[in-house]
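K.L.:
One-letter residues, chain by chain:
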Amino acid sequence: MMKEMLENVRNQSPLIHNITNYVTVNDCANILLACGASPIMADDIDEVEEITSICGGLTINIGTLNQRTIPAMLAAGRKSNELGHPVVLDPVGAGASVLRTSTAMKLLQEIQFAVIRGNVSEIKVLTQGNGTTKGVDADVSDRVTEENLEQAVTFVKAFAQKTGAVIAITGAIDIVADRNTAYCIRNGHADMSKITGTGCQLSAMAAAYVTANPGHTLEATAAAVCTMGLCGEKAKRRMTELDGNSSYRNYIIDAIYNLSPDELERGANYEMR
Amino acid sequence: MMKEMLENVRNQSPLIHNITNYVTVNDCANILLACGASPIMADDIDEVEEITSICGGLTINIGTLNQRTIPAMLAAGRKSNELGHPVVLDPVGAGASVLRTSTAMKLLQEIQFAVIRGNVSEIKVLTQGNGTTKGVDADVSDRVTEENLEQAVTFVKAFAQKTGAVIAITGAIDIVADRNTAYCIRNGHADMSKITGTGCQLSAMAAAYVTANPGHTLEATAAAVCTMGLCGEKAKRRMTELDGNSSYRNYIIDAIYNLSPDELERGANYEMR
Amino acid sequence: MMKEMLENVRNQSPLIHNITNYVTVNDCANILLACGASPIMADDIDEVEEITSICGGLTINIGTLNQRTIPAMLAAGRKSNELGHPVVLDPVGAGASVLRTSTAMKLLQEIQFAVIRGNVSEIKVLTQGNGTTKGVDADVSDRVTEENLEQAVTFVKAFAQKTGAVIAITGAIDIVADRNTAYCIRNGHADMSKITGTGCQLSAMAAAYVTANPGHTLEATAAAVCTMGLCGEKAKRRMTELDGNSSYRNYIIDAIYNLSPDELERGANYEMR
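Residue numbers (this note's numbering), protein chains in the order written: chain C, 1 to 273; chain V, 1 to 273; chain F, 1 to 273.
No wet-lab data here; the hints were simulated from the structure. The beta-carbon is built from N, C-alpha and C at its ideal position, and this holds for glycine as well. Hints are not guaranteed to be accurate.
[As the list claims (entries may be wrong)] In silico lysine-lysine, DSS-like type, Cα no more than 30 Å apart, as pairs: (1) F:Lys-3 with C:Lys-106; (2) F:Lys-3 with C:Lys-236; (3) V:Lys-157 with C:Lys-3; (4) V:Lys-194 with F:Lys-79; (5) V:Lys-236 with C:Lys-3; (6) C:Lys-3 with C:Lys-234; (7) C:Lys-162 with C:Lys-236; (8) C:Lys-157 with C:Lys-194.
[To be verified] Simulated restraints, written as ranges between beta carbons of each label pair: (9) F:Met-1 with C:Thr-127: 41 to 51 Å; (10) V:Arg-273 with F:Glu-241: 50 to 60 Å; (11) C:Arg-10 with F:Gly-215: 48 to 58 Å; (12) V:Arg-237 with F:Leu-149: 24 to 34 Å; (13) F:Arg-266 with V:Arg-10: 29 to 39 Å; (14) F:Glu-241 with V:Asn-11: 19 to 29 Å; (15) C:Asn-269 with V:Arg-237: 47 to 57 Å; (16) V:Gly-84 with F:Gln-67: 42 to 52 Å; (17) F:Leu-149 with C:Thr-240: 16 to 26 Å.
[Stated by the list, open to error] In silico contact screen, one side only, chain V against chain C (beta carbon under 7 Å); selected entries: (18) Thr-196; (19) Met-239; (20) Leu-242.
With the sequences and hints as input, model every part of the structure.
P.N.:
Structure below.
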């Protein structure tokens, strides 16, 4: 199943429009190319509707959010909805400021997202419409563990039902769910959190997978999450004692570039609940 | 000939002003340093004229174009023209939106460019003043091949005559031409298109070569294109089976850093038409 | 002494707010993670006060300065001052334009900085309130050498007295001083200037060190400067003949990721004046 999701990205090479932050944008572009998709970045209100129209899918990422790009996010999202293109939301730092929380909430109100991907703290803020987070990483108290997994799955399914989107919470254990079904994914490595933007990269890649697999949003998102985690593991094994987070970043993107559909099928480590 | 072009960059270390997109800007800065030049990035209308005045050349790149920086592009371009500094245009995504096409056309009207570098689809849009492209990559139907090369050369020379600029169309076969003479260059590797921003990087580097070689714009641009392609080949040979597009990006910049003028002279693979 | 400074960063993992340029921002984020801190980038006037409030320290870097972010820099700086958070200024390109010089002077007037880090030309411009620099690199005529070191130390201490900040001038010999005491640091490698943004990265890292070591601003800044220089040396030793500035960038960040406090203590090469 996972296998086909990646094959379709490689075969169709979907063009993905990204309105994203300037911190991790280069890595987002390279990871899209690595998985077989093509990136285009455009955030001016005067062109986002046209740009999104020539693409297959859209990622909206609110890192380094600013007043100039919020209307562009809304316009691009609405246009994508009109065209039936899948839209992925990455609510980076929701809860860290009123601007980010209120923008995320406005986006949720006005745009039908196919996928919402964040860490557990960000997603909790979205479910409540307010709350605080401590920056761009998940609060320790929120983390999904084996002990609270069942509760977390219920929470994620409920938010999927409310939003009509597939919800992906990533962390030590990832949960990808629609209203009925959850993938609990145990790929990845803790050191991935020592690289800036692995979450942003995954959101961009999820847009590619979902775009290339219409009608299979849940499976495609789960496949993207497994891809990122599995390649985090592969890249970790490649590391020498001199390597650190900068090389690890490169190795993960390299691993995605080289990942075969069969490897993904074999290496994806998940259970369904 | 190629050899002297690179030697002059290394010896003069020209300072290059870049008004460019936020996706590939870091790679543009590092490739300028790699070839022996120095980068400065500045895009605010209140400083671009001063900044460009202390530089030797200017690159204008319309990726992630926005309303804030268009007047800055025009002001910097005009100032550079006044000062006799060479200006390079990279019309990223011209044809993908009215904003990009009309901005590129306005830049062409108001600024005398020394070099215009793009893929064949972008350049076709500029010749027509309209048209559509499918994102930031060339359309398959437009591609320069051995079969249509002579026709493509004629097209490029005509656009060079019309604009007074050296035109560089890069792809599987690169064409660099003024009104009279074309270099048809067969350096490079297809996998370079799997890295974001190799085109942007080349445009920035072309500005450095042209700035360090006044009176030799055609040869300097051809040398920059050969440098990029040759280093794409060298970097490709360095790749292990674990490497992908992220390492390839690093290896290309590394190869430029280490390229000797003699290696460029020997490795440059071109014919003149 | 140096040792404890790094240990405190690793143990406390300070969250650092960065208002910075879009050229080197990704490297700034990754170097903060490499040394054990956490980054958050935010530059919109509507959120910077909130964001800086959840952080421990702030870096203001004026590369790619624009009118939109200047009020955000001032607001974030004032808020950090109110909260007693250390603020680091990196006056990138001060002297290269009136916009940069006047903004740097305004920031100096309105915000109490804990640390000001730049190259010698930038710092000279700040002491005078005007003057010119040739881009983002120090002018050759300004450079600190063994011959003019004593004079440079006196100059730096005087500026530290005037501003109440620790001043860090980095170059072949680095000087880190408050009004009374200067560290003259001989770590680093000349090739670090062939990578874009090593200065920006150091400024971000200095914010992390100072934040994790309250009451020890001078020592913490000196430790950050030694860390960068020492890791520049370590990374240089790792380089093969195929490596250039792109790999060097990665290796420096990797080296910081792997640096032990004991290594820093042993490798820091400084004298006090």
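K.L.:
So, for every hint listed, does it hold in this structure?
P.N.:
Evaluation of the provided hints:
With a C-alpha separation of about 47 Å, the suggested pair F:Lys-3 and C:Lys-106 falls outside the 30 Å cut-off, and the hint is violated. Annotation: proposed proximity of F:Lys-3 to C:Lys-236 holds, straight-line Cα distance about 28 Å (limit 30 Å). In summary, the hint linking V:Lys-157 to C:Lys-3 is not supported, as the alpha carbons are separated by about 48 Å, beyond the 30 Å threshold. Distance hint between V:Lys-194 and F:Lys-79 is unfulfilled; the C-alpha atoms sit about 44 Å from each other, more than 30 Å.
Straight-line distance between C-alpha atoms of V:Lys-236 and C:Lys-3 comes to about 28 Å, which keeps the hinted pair within the 30 Å bound. Between C:Lys-3 and C:Lys-234, the direct Cα distance comes to roughly 17 Å. Compliance with the 30 Å bound is thereby established for this hinted pair. Straight-line distance between C-alpha atoms of C:Lys-162 and C:Lys-236 comes to about 37 Å, which puts the hinted pair past the 30 Å bound. Simply put, C:Lys-157 and C:Lys-194 have alpha-carbon atoms about 29 Å apart, close enough for the 30 Å limit, and the pair holds.
Between F:Met-1 and C:Thr-127, the C-beta spacing of about 48 Å keeps the proposed range 41 to 51 Å intact. For the pair V:Arg-273 and F:Glu-241, the beta carbons lie near 37 Å from each other, so the given range of 50 to 60 Å is not met. With their beta carbons about 56 Å apart, C:Arg-10 and F:Gly-215 fall inside the hinted range of 48 to 58 Å. Checked against the hint of 24 to 34 Å, the C-beta distance between V:Arg-237 and F:Leu-149 comes to roughly 46 Å, which is inconsistent with it.
Distance hint for F:Arg-266 and V:Arg-10: a CB-CB separation of about 37 Å, consistent with the stated range 29 to 39 Å. The beta-carbon spacing between F:Glu-241 and V:Asn-11, approximately 23 Å, falls within the hinted interval of 19 to 29 Å. Checking the proposed 47 to 57 Å range against C:Asn-269 and V:Arg-237 shows it is violated: the Cβ atoms sit about 36 Å from each other. The hinted range of 42 to 52 Å is not satisfied by V:Gly-84 and F:Gln-67, whose Cβ atoms lie roughly 29 Å apart.
For the hinted restraint 16 to 26 Å between F:Leu-149 and C:Thr-240, the CB-CB distance of approximately 38 Å leaves it violated. Against a cut-off of 7 Å between C-beta atoms, the interface hint on V:Thr-196 holds, since the closest Cβ of chain C lies about 4 Å away. Nearest Cβ of chain C to the Cβ of V:Met-239: about 9 Å, over the 7 Å cut. The hint is violated. A hinted interface residue such as V:Leu-242 counts as satisfied when its beta carbon comes closer than 7 Å to some beta carbon of chain C; here the least separation is about 6 Å, so the hint holds.
Checked against the numbered hints above, the structure violates hints 1, 3, 4, 7, 10, 12, 15, 16, 17, 19; every other hint is satisfied.
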